[in-house]
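For chain A, the structure is supplied; the task is to place chain B on it using the hints.
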Amino acid sequence: MRGDSILDRIDWTVVLTYFAMIFMGWINIYAAVYDEELASDMFSLAYNPGKQLIWIATSIVLIIGVMSLDYKFFDSFAYIIYGAMIFLLIAVLLFGREVAGSTSWFQLGSFRFQPSEFTKFATALALAKYLGDIHTKMENVKTQLIAVAIMFVPMALIVLQGDTGSAMVFAAFAIVLFREGISPIYFIVGIGLVVLFVLTLLVSKTAIFIFSGVVCLVVIGASVKHPRRILVVVLVAFAIFSTVTSVDFLMKNVLKPHQRSRVISLINPDADPLGAGWNVTQSKIAIGSGGFFGKGFLEGTQTKFDFVPEQSTDFIFCTLGEEHGWLGSLVMIGLFVFLLIRISIIAERQKTRFARIYGYGVLSVIFFHFSVNIAMTIGLFPVIGIPLPFFSYGGSSLWSFTTLLFILLALDSKRMQVLTR
Amino acid sequence: MNDERRHIIRLIVILMGLVFLVKLFFIQIIDENYKAAAENNIIHKEVDYPYRGLVYDRNKKLIVHNEPIFDLMVIPKEVRIPDTLAFCQLFDLTREELEAQLNKAKRYSYIQPSQFVKQISNEWFASIEDQLVDVRGFYPKARTIRGYDYENLGNVLGYIGEINQRQLNADTTNYYRSGDYLGITGLESSYEKTLRGKRGVRYKMVNVRGVDQGSFKDGKLDTLSVPGEDLVLSIDLELQRYAERLMEGKIGSVVAIEPSTGEILAFVSAPSYQPSVLSGREFSVNYRALTQDSLKPLFNRPLMAMYPPGSIFKIVQALIGLEEGVITAKEQVYCDNSLIGDHAPPGYYDVRKAIMFSSNNYFLKLFRRIINQNPELSQFEQAPIGLQNWSERMHRFGLGQPLGIDLPSEKSGQVPDPKLYNRIYGTGRWKVSNLSSLSIGQGETLLNPIQMANLAAIMANKGHYYIPHIVKEVGSTGYLDPKYKKKIDTGISAEHFPVVIQGMQDALSGTAGRAIIRDIEICGKTGTVQNPHGEDHSTFMAFAPREQPKIAISVYVENAGWGGRAAASISSLLIESYLRGEVTRQWLEDYVLKGDFAG
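Those protein sequence lines, which keep their order, are chains A and B.
Counted from 1, the first sequence has number 450 at position 68 by our numbering; the numbering is strictly sequential.
Counted from 1, the second sequence has number 498 at position 454 by our numbering; the numbering is strictly sequential.
None of these hints come from the bench; they were simulated from the model.
Here a beta-carbon is modelled for each residue, glycine too, at the ideal position from N, C-alpha and C.
Keep in mind that a hint or two might mislead.
Said to hold, decoys possible - Calculated cross-link-like contacts (lysine-lysine; reagent style DSS-like; alpha-carbon spacing at most 25 Å):
hint: 1; chain 1: B; residue 1: Lys105; chain 2: B; residue 2: Lys594
hint: 2; chain 1: A; residue 1: Lys677; chain 2: B; residue 2: Lys264
hint: 3; chain 1: B; residue 1: Lys89; chain 2: A; residue 2: Lys677
What the hints assert, rightly or not - Just the calculated beta-carbon pair ranges, DEER-fashion:
hint: 4; chain 1: B; residue 1: Leu55; chain 2: A; residue 2: His608; range: 30 to 38 Å
hint: 5; chain 1: A; residue 1: Gly572; chain 2: B; residue 2: Val66; range: 19 to 27 Å
hint: 6; chain 1: B; residue 1: Gly258; chain 2: A; residue 2: Tyr461; range: 56 to 64 Å
hint: 7; chain 1: B; residue 1: Lys529; chain 2: A; residue 2: Phe674; range: 53 to 61 Å
hint: 8; chain 1: B; residue 1: Arg210; chain 2: A; residue 2: Met633; range: 42 to 50 Å
hint: 9; chain 1: A; residue 1: Pro691; chain 2: B; residue 2: Gly258; range: 19 to 27 Å
hint: 10; chain 1: B; residue 1: Val66; chain 2: A; residue 2: Leu584; range: 18 to 26 Å
hint: 11; chain 1: B; residue 1: Val66; chain 2: A; residue 2: Gly465; range: 41 to 49 Å
hint: 12; chain 1: A; residue 1: Val571; chain 2: B; residue 2: Gly258; range: 54 to 62 Å
hint: 13; chain 1: A; residue 1: His608; chain 2: B; residue 2: Ile52; range: 28 to 36 Å
hint: 14; chain 1: B; residue 1: Leu55; chain 2: A; residue 2: Val571; range: 19 to 27 Å
With the rest of the complex left out, here is chain B:
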């Protein structure tokens, strides 16, 4: 009577078998997690960190190298500390901190190593090594940090630091792991991919106790690390150091460019910081101090500071005027103080003389002609057309947009266009008289020091430039991004340059007498930028020698009065130093170093 129950029993047996097979199907075939977990279980991945590329100056002087340090790693499972107190003293920890550190490591993994103390210098480690003999579970892991042979180029080189969560998320290539270091600013950041090299991985098999069981698959999957490529900078370290010295105690920037290549010879942001303070254990302390410094030493002025260009801007106006044909080189224009205040005496001015004496009235009249080229229209109608044309011309000089230098955070500066004034005054409600201050480099126009230096290079090249760049060659191949080899034309015919250049050369005797160097023909232009907040800014741009120029330079010194003093003197000394290899005018150097430009 219960014979039918055998079927129920057999059914249960079969069902149990099926349940197992289905469950096994899920964990063995469908769910990939178990395979991954198995790999992680037995395979320790050991990262083989590559050497970061070195950095040299244009004369192959080593600037940045790698210094060995240690991270002390801990494997919680193996930890034995015979004397906790002594151990704590060794690393300057309290008992609670030690506990907290160990707990953190335990949470990460019992058997996998994690960082316990970071960045122990070689010397420090040597001094404590003996005391670690009885301690188990800790071992040093070699790493490197950046070391500096010269305490220069702070804002150019940048620093490296531990990757943060945001950067990790942004890393689409999946290269970085938590705890990795990468370039944060400067060259370290913009050339990160070149400098970092390629990480290698060694796979090791371990058992549950973390004991090494040899290499995985005979090392077939292991990859060797590839050291990062070295960088050869276009910077001339001697010129750079001299420039930094001259800028000591001042706020501003110096940018020197080799006009024929666009290579940056010197790049100073003053005040700056010593690159070594942002490398190593004291990073966070020093970094906080730097961010809190009211003089903003981390602010990369040549790229990020935006200044009204002042009178150096007049040479661009002259070139645009000539190219547009609204004026000729020979045309005499009578100028007095009727339109705008002026240092230049009343009289007849042509282009050369107007530049030489920096005549405000001449350039105001010229600017009006550039803007109002369509007399059949009303002034309100002409202004937007003229300004649009003008701002496009300006863009071709690399103004009002980032030049594309190989350093991060380059600002675009500002070149006004009709949109800006439509916003300020309303569409159709402004005319050239609203724009007057533009003509003399004041007002809404803002340039970066790098753009001013590039302007000097354009003058030296008579109408074209190469995008300024700070790395001359990459690695052993001497690679250089093709965009830095491309000649960029400003759209100004070469024929218009001689008269302007002549004006610049004459300007030295006009406004910048201190800049004159015997036997070197310097062409320059001073600028005194009106500063409503205090002392005027002193600015100067120049190139030299006049024939086959070797150096184009711009110097901007905040609150140092008029251009003929601080900026012109510094430019002149740097040009002399670069072209001659020595400075003969001790008095001028003293004058600059003293930093008192009142007289």
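With the rest of the complex left out, here is chain A:
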């Protein structure tokens, strides 16, 4: 039997991957704001790379704190942590500071704090706690509704803050529900509706109506002897009709103007190249100009000359893509895929449902951030301001992802204790 020290039981593969990502992230934050004339000041706390070093150092303190907590702490306190975060989300709505159109920050002196970031692991914990209970059955509609409610409450509060991008992350917990056995019909319908929505923006409504109408009629004609099937087809037809007709309403009344223009600019980046299309165009130019090997460390011209906005936070991938090329991107994407698979493996080897579900919660959040962030920088998804985990500059985000991940490692390191009891 291995020693009892936590250092022996921790999953070092994940820890090393984590530090590799943090290091790559810092390198790119350094490059993103690098300026030859200020080179000597780069470690000064006035600049992002210097500050990021502090966030990294404090994250390590955080890791030690999380790892030293008793494994039962997270289980026992899951709802309390969740409740506290919901409270903070309400408080920030009332007393928060408005930054760039969203009131999602508390300001304490020069220190800014974004509760929505920490709601992610709180929600993962609450979900794990609820679904992990041996009495809950995923097939029950009540269970499904409560699980969705746990996701929906913080989501709604964050939407109210005006931070739609961060709110969308909570939808990613659907992956957890999927793993725990919810019917795949929900996903098929959900994905179908999204596809239909995009199609409506791309091709004329009449074409969709005619095409789906013809298909429905053919299917109905082929299933005269199965009245139940006809009913399903009619329902599907109705769903298609209402989705397509509601797209305009959604675009005009639900989406804010800047969100609408982001959706439109994704479909047609040239529509407004200096406005809504600017970020994506410049981001793609920066990444695309990297080539196979990249331009080299600190040689990126696009990011250095400020063509890409928010290049050390949400668009940090541009710096990497430009300076390290396809090869650098391969390494980065490889690390993410590796980490996510590893998290899945860790989750699956847990002895408790609580720990497994939490593991998939971690996977959901990181996967969502990773996919949406990269997809938006390369023009596959509308621009949504969410950070790239472990890479983007920023204390709240680094702390939150660190906590999220290391709670899982803490639970994992003690999985044998569960067995021995």
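Okay, now just chain B, sitting in the frame of chain A:
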């Protein structure tokens, strides 16, 4: 029971990674556009325009130079106009025009400069500079336009103008950019490559706000502009100016050539225009006025006007006849008015006398002999053979085809050949009598004034010529296209020339008495070209002095009556001026300048 779903989740994760890598592969490796876009983003290309080459006359007098002007450039992102009204007044714009101009610039680029007002003279700019102090976003960009030291040589020099879309498409070398200037006509066009020099480029890095970030790669990729090469023309500016003065108020042309080199000494297309009117801001107004002028001042007559040559053509007939052996120098032919109307009195004529008196009947008989050299055949059979041979002889004189002068738009003139008459009369249905008018330089033969002058040079050289050219030397090396140094032979033996030349010299006392200059032996030939539309055209070609000729000249004056008057007088004055450096016959000059050739 749902444990298998982990595989689906892992698969989705891996697939997402693959989708990203494939998409990245496309934008980073396959699609080159992003690299180009990145370059354009950060690198401003600043064109360093070279000085256009200068133009001198043969005595190194400066004719064309460059004058500095400004284009006012605008960067829309930086524009701040505190007082729109005052600003509009400054540039004589309405508010709407200002808006339209700015919108056009914005459409081009927010951060890259584009032209706002073109061609502001130094003086004008100095006068408005103070008022631009509070205005942001506009700055002057120095350029040059052509400046002229003499208002002569309009059609020779040509003008430069902004390149149009068609020319841009035609530019296979990819040298020009939209907005560039290039030679449109005249020397500016034919020597465009020499004159334009080589454009330089400076690469500068800028950030998104267009703020200068220094030179790109320490200027390693920058190229300096190379100034265009200067041209030394063969034109004698004094002779040119005198010729232009003599042609004032007349329609026609003067071409003078140095026979021993083919260098063009004077080249007048009358009426012409002052070259400076097609340089600078007033270009479009002036250009429209010139194109609408009924006297067509933009028409380059020496190269483009095609005239029947008239009697000056007879000397070519004489030479061909002698060379073909259908007549000898001594042979006496009796001529009266039986075949064709004639100024020459009836009597016996030989070659010399026929030229001296310009005997129509003699040359008609000679032409018949040239055409009908095969008595065993019918006249219908002989005519195509004879005419073919004749037109080939004509071509060797540089007639009926462009000579190859170094100016654009040279016309070929027209020398009839059997094909032409087959078309008119039908194959095998014409004979020499259908061609009679050719013998005296009327009919279907058409020559350019430059070809007539070249004919004079051939006479001066006794059988050969150099392609007439207007540029004597290019640049510091004194380069001259080898084709202008090549002696071209007409295929007429030198032995046949003296008698014809003697005829030409005698002709002065025969038909062109006014052209005689004391102590200078001029050999010339008048022509009076019948003009069905009005007064006859007056033409004269000559060379002088008879021994070691220095100048060959042709003058063509439309509607000025017979050759002995206007054309011969102008030729004579120009020859005197060129050879002596002064004109002693004030009365003749007055006669020409008065322009009334009725008496």
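So, going through the hints one by one against the coordinates:
For the proposed pair Lys105 of chain B and Lys594 of chain B, the alpha carbon gap of about 21 Å is at most 25 Å, so the pair holds. Restraint check: the Cα-Cα separation between Lys677 of chain A and Lys264 of chain B comes to about 18 Å, which is no more than 25 Å; the hinted pair holds. Only pairs whose Cα atoms come within 25 Å are accepted, and Lys89 of chain B paired with Lys677 of chain A is accepted, the gap being roughly 21 Å. Taking the beta carbon of each, Leu55 of chain B and His608 of chain A are about 33 Å apart, inside 30 to 38 Å as hinted.
Between Gly572 of chain A and Val66 of chain B the beta carbons are some 25 Å apart, a value that agrees with the proposed interval 19 to 27 Å. Between Gly258 of chain B and Tyr461 of chain A the beta carbons are some 59 Å apart, a value that agrees with the proposed interval 56 to 64 Å. A C-beta distance of roughly 57 Å is found between Lys529 of chain B and Phe674 of chain A, which places it inside the suggested range of 53 to 61 Å. Taking the beta carbon of each, Arg210 of chain B and Met633 of chain A are about 45 Å apart, inside 42 to 50 Å as hinted.
Taking 19 to 27 Å as the suggested C-beta distance range, the pair Pro691 of chain A and Gly258 of chain B conforms, at roughly 23 Å. Checked against the given bound of 18 to 26 Å, the beta carbons of Val66 of chain B and Leu584 of chain A, roughly 21 Å apart, stay inside it. A hinted range of 41 to 49 Å holds for the C-beta pair Val66 of chain B and Gly465 of chain A, which are about 44 Å apart. Taking the beta carbon of each, Val571 of chain A and Gly258 of chain B are about 57 Å apart, inside 54 to 62 Å as hinted.
With their beta carbons about 30 Å apart, His608 of chain A and Ile52 of chain B fall inside the hinted range of 28 to 36 Å. Our hint of 19 to 27 Å for Leu55 of chain B and Val571 of chain A holds, since their Cβ atoms are close to 21 Å apart.
Every hint from the earlier list agrees with this structure, and none is contradicted.
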